[in-house]
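Visitor: Sequence:
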Amino acid sequence: MAKRLSAEQLATTSIAVALLVLCAKALAWWLTGSIALFSDAMESLVNIGGAIIAWFAVRYASRPADAGHPFGHHKAEYFSAVVEGIMIIVAALLILQEAISALLVPAPLVWSAAGLWVNAGAMVINLLWARVLIARGAALKSPALAAGGRHLMSDVWTSAGVLMGLVLAMGTGWSLLDPVLALLVAVNILREGYLVVASSVGGLMDQAAPQNERDEIAAIIHRTAQGALQVHGLKTRRAGQAVFVEFHMVVAGDMTVRASHAICDRIEEAIRVALPTAQVTIHVEPEHKLEDSGIKPGQ
Numbered sequence: 001m002a003k004r005l006s007a008e009q010l011a012t013t014s015i016a017v018a019l020l021v022l023c024a025k026a027l028a029w030w031l032t033g034s035i036a037l038f039s040d041a042m043e044s045l046v047n048i049g050g051a052i053i054a055w056f057a058v059r060y061a062s063r064p065a066d067a068g069h070p071f072g073h074h075k076a077e078y079f080s081a082v083v084e085g086i087m088i089i090v091a092a093l094l095i096l097q098e099a100i101s102a103l104l105v106p107a108p109l110v111w112s113a114a115g116l117w118v119n120a121g122a123m124v125i126n127l128l129w130a131r132v133l134i135a136r137g138a139a140l141k142s143p144a145l146a147a148g149g150r151h152l153m154s155d156v157w158t159s160a161g162v163l164m165g166l167v168l169a170m171g172t173g174w175s176l177l178d179p180v181l182a183l184l185v186a187v188n189i190l191r192e193g194y195l196v197v198a199s200s201v202g203g204l205m206d207q208a209a210p211q212n213e214r215d216e217i218a219a220i221i222h223r224t225a226q227g228a229l230q231v232h233g234l235k236t237r238r239a240g241q242a243v244f245v246e247f248h249m250v251v252a253g254d255m256t257v258r259a260s261h262a263i264c265d266r267i268e269e270a271i272r273v274a275l276p277t278a279q280v281t282i283h284v285e286p287e288h289k290l291e292d293s294g295i296k297p298g299q
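Here the sequence shown is numbered in the UniProt record's numbering, starting from 1 and rising by one per residue.
No wet-lab data here; the hints were simulated from the structure. Glycine is no exception: its CB is placed at the ideal position from the N, C-alpha and C atoms. Heads up, a few of these hints could be off.
[Claimed, not checked] Derived CB-CB ranges, DEER-like:
hint : residue 1 : residue 2 : range
1    : Ala138    : Trp117    : 44 to 54 Å
2    : Ala198    : Arg131    : 14 to 24 Å
3    : Val124    : Ser101    : 28 to 38 Å
4    : Trp157    : Ala259    : 55 to 65 Å
5    : Cys23     : His222    : 47 to 57 Å
6    : Thr277    : Leu168    : 47 to 57 Å
7    : Val90     : Ala16     : 21 to 31 Å
8    : Ala259    : Glu216    : 42 to 52 Å
9    : Thr277    : Ala218    : 27 to 37 Å
10   : Arg258    : His222    : 30 to 40 Å
11   : Pro286    : Val90     : 55 to 65 Å
12   : Glu216    : Gly33     : 51 to 61 Å
13   : Trp157    : Glu8      : 20 to 30 Å
Using the sequences plus the hints, can you model the full thing?
Guide: This is the structure in structure tokens:
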């Protein structure tokens, strides 16, 4: 079923999942009084904010191009991911503050098997949904969904570490282990926030499409540009779900506009079959524009 959900439907479901997980983790914190579980719940609160932002970003990014945005609104998802990354970092700093306070004034833990089981259940929900978001985010080329999935997966590892540590702390009576775990959680969340922001900056800076997509585009050009002399100056950039492709195509000086246009149509169609969201721009040049390097069409 998840494979049939659109980016907007996935973003909507993420909000519901985040609310469910937050309620479960807040209950676990209330039952145990653990600062580590408080930090885990704080991260889930950030998940809700991130899911809401992603929902708006996915909706806005799906708008068609208009006079004010002739290349579309695809980059909105990158802004969403940056905002989510900043929220993650702020949450980590708040957790650090609480953990340091708990280290200075340690409080006894309350053994609660129910609290630990509730938190474990929330962790499983996050694990399953993170896998869905990561897979579908990659398939849909959605930075917002992919960032949300990576964040949830980080949350899963955090929850697993917290649970194992709390069982040890409650079993041994070493209450200082609780704030120490919270400190480790905060450091992990800081790292995740940095990675989410860093992964989005490339898109905002018009980073080239992934190497595998560039290789595929070059292979398509080599295979479908028969009749042209050379293709050079290939440039790509990924903007959310869209990929922009542009290059120069050199043809014989006596080739008609109709013939050169037919070659362009053939190349564009082949690229769009492989990359349905591709927007292709081809600049046709006469043979005196040949360069030393470039793609030579196959025979």
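Visitor: For each hint, tell me whether it holds in the structure or not.
Guide: Here is how each hint holds up against the structure:
1. Ala138 <-> Trp117: 44 to 54 Å: 32 Å, violated
2. Ala198 <-> Arg131: 14 to 24 Å: 22 Å, holds
3. Val124 <-> Ser101: 28 to 38 Å: 30 Å, holds
4. Trp157 <-> Ala259: 55 to 65 Å: Taking Cβ atoms as reference, tryptophan 157 and alanine 259 lie about 58 Å apart, which means the hint holds.
5. Cys23 <-> His222: 47 to 57 Å: Given range 47 to 57 Å: holds, Cβ gap about 55 Å.
6. Thr277 <-> Leu168: 47 to 57 Å: Once the Cβ atoms are compared, 49 Å apart, the range 47 to 57 Å for leucine 168 and threonine 277 holds.
7. Val90 <-> Ala16: 21 to 31 Å: 24 Å, holds
8. Ala259 <-> Glu216: 42 to 52 Å: 26 Å, violated
9. Thr277 <-> Ala218: 27 to 37 Å: 18 Å, violated
10. Arg258 <-> His222: 30 to 40 Å: Check failed, 23 Å falls outside 30 to 40 Å.
11. Pro286 <-> Val90: 55 to 65 Å: Cβ of proline 286 to Cβ of valine 90: about 57 Å, so the range 55 to 65 Å holds.
12. Glu216 <-> Gly33: 51 to 61 Å: Since glutamate 216 and glycine 33 have Cβ atoms about 55 Å apart, the given range 51 to 61 Å holds.
13. Trp157 <-> Glu8: 20 to 30 Å: Given about 28 Å between the Cβ atoms, the range holds.
The structure fails hints 1, 8, 9, 10 (numbered hints given earlier, in ascending order).
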